[in-house]
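**Student:** Sequence:
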Amino acid sequence: MHPHDPSSIPRREALLATMAGIGLSSFAFEPVHASRAAAPAEADARRSSPKRYKMKKSINLWAFPYPQLMNLRECMQLAKDAGFDGIELNYDLENDLSPKGTAKNFAAIRRMADEIGIEISGLCSFLFWPYPLSSNDPAKRNRGIELAGMIAQAAADMGVENVLVVPGAVHIPWRDDHEPVPNDVCDERAKNAIGQLVKKAEKTKTYLNMENIFFNGYLMTPMEMNQFVDSFGSPYIQVHFDTGNISMFQHAEHWATILGKRTKNVHLKEFTKKGTDYSLETFRPLLDGTTNWPAVTDALEKVGYEGYLTFEYFHPYQHYPEALVWQTSDSLDRILGRK
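In the numbering used here, the protein residues as written are 838 to 1176.
The hints are simulated quantities; they were obtained by calculation from the structure and are not laboratory data.
Calculated cross-link-like contacts (lysine-lysine; reagent style DSS-like; alpha-carbon spacing at most 30 angstroms): (1) LYS1176 with LYS891; (2) LYS888 with LYS1110; (3) LYS1042 with LYS937; (4) LYS1139 with LYS1098; (5) LYS1098 with LYS1036; (6) LYS917 with LYS893; (7) LYS917 with LYS1098; (8) LYS1042 with LYS891; (9) LYS1040 with LYS1098.
Work the whole structure out from these sequences, hints included.
**Tutor:** As structure tokens, this is what we get:
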């Protein structure tokens, strides 16, 4: 053989020469020893929370184009496909959950959720605004108490334990049909209304969770909320903590610590302190605001909260509305350290 005939080069040397030509290391085809194995990737705080939290991901139905473009089953399935553990449903006068529904209808919704494999994290409603429990109009006030009881019963029929309740309002800035109520009168009427509802809640084991609003001028501090909730002496009167509703002048991580174990359910609403429009328009998609999410999740973890974090947003995307749902799921994964 000729000394420069390629066929005379040993196979290993030929292989090494080829790998060198395409930039591969000779280690590429050798066994990986334990000492040389790649170390696990370190947590990167630019990507997501370095800490993994036990709280569960949920999303409110208001973030979906329901019922205009999607029916209830499609919304539930989309939430499941996007990786949510639960979905919060809304009770209204004209939808799948309404006074027209029966126990059979509500049980069927629960079965549908079970078939899809998604939990129902709670029930919510806008009906506390046209029918405030503290209204100066006795007819509105009584209708509000009636509707609150119906929402709680629907939850019981569905085997859902959490019901959001707005106990009263001094002022409702987005409605022009609400006469302002003096603070002390609002407090008296709110306590009277919840007092009427608590016995049935205890019987059905349904939690009536008081929501902090701020915009309504009532229960403006966590200490006031604690005092209100504790005044009933019932384990079925608790708190639905909304991170965004107090973020105009206060901080969600402070509330979470002071509310402590009273928090039974949580709304995540992103808020920006950079804006000047103090309305529903100040709420943003998650992570597009000024909320200190690491501080909020740490505070919730320290008080032992492991329940739902429910994204609440009132503006489904006009085009490709699925995008908001998937984006929110991704943001929650990062907040909870799941990425």
